[in-house]
Amino acid sequence: MADRQTGTVKWFNDEKGFGFITTDNGPDLFVHYRSIQSNGFKTLKEGQKVSFVAVQGQKGMQADEVQVI
1 MADRQTGTVK WFNDEKGFGF ITTDNGPDLF VHYRSIQSNG FKTLKEGQKV SFVAVQGQKG
61 MQADEVQVI
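Residue 1 is where the sequence shown starts when you use the UniProt record's numbering, and the numbers rise one by one after that.
Just so you know, the hints here were simulated from the structure itself, not pulled from any lab data.
Mixed in with the good hints there might be a few duds.
[Unchecked claim] With a straight-line cut-off of 27 Å between C-alpha atoms, the simulated DSS-like cross-links for lysine-lysine are:
(1) LYS10 to LYS42
(2) LYS45 to LYS10
(3) LYS42 to LYS16
(4) LYS49 to LYS16
(5) LYS59 to LYS10
(6) LYS16 to LYS59
(7) LYS49 to LYS10
(8) LYS49 to LYS59
(9) LYS45 to LYS16
(10) LYS45 to LYS59
(11) LYS59 to LYS42
From a predicted model like this one, the values you see are computed outputs, not experimental measurements.
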């Protein structure tokens with residue numbers, strides 16, 4: 001099982017359904033709305049603290065299993 005990490009939402013575009021998370025100990029990671037674990041409309045707000053698992057995506061590392069903390 002992959003280790004959960006924490007970070008801060010850098011920005012998220014509701015219309016396009018993606019954004020970036022600034023990790024606490026590494027590079028910024030891409031995040032897609034499908035990776036957000038919540039009910040209803042899946043979105044993130046700039047500055048929110050989140051936890052996630054970093055996974056290899058088609059274009060590099062990205063955040064998965066994203067939860068607001």
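Verification of the hints:
no.: 1; hint: LYS10 to LYS42; in the structure: holds, 16 Å
no.: 2; hint: LYS45 to LYS10; in the structure: holds, 8 Å
no.: 3; hint: LYS42 to LYS16; in the structure: holds, 12 Å
no.: 4; hint: LYS49 to LYS16; in the structure: holds, 21 Å
no.: 5; hint: LYS59 to LYS10; in the structure: holds, 19 Å
no.: 6; hint: LYS16 to LYS59; in the structure: holds, 17 Å
no.: 7; hint: LYS49 to LYS10; in the structure: holds, 10 Å
no.: 8; hint: LYS49 to LYS59; in the structure: holds, 24 Å
no.: 9; hint: LYS45 to LYS16; in the structure: holds, 14 Å
no.: 10; hint: LYS45 to LYS59; in the structure: holds, 23 Å
no.: 11; hint: LYS59 to LYS42; in the structure: holds, 22 Å
When held up to the earlier numbered hints, the structure conflicts with none and fits them all.
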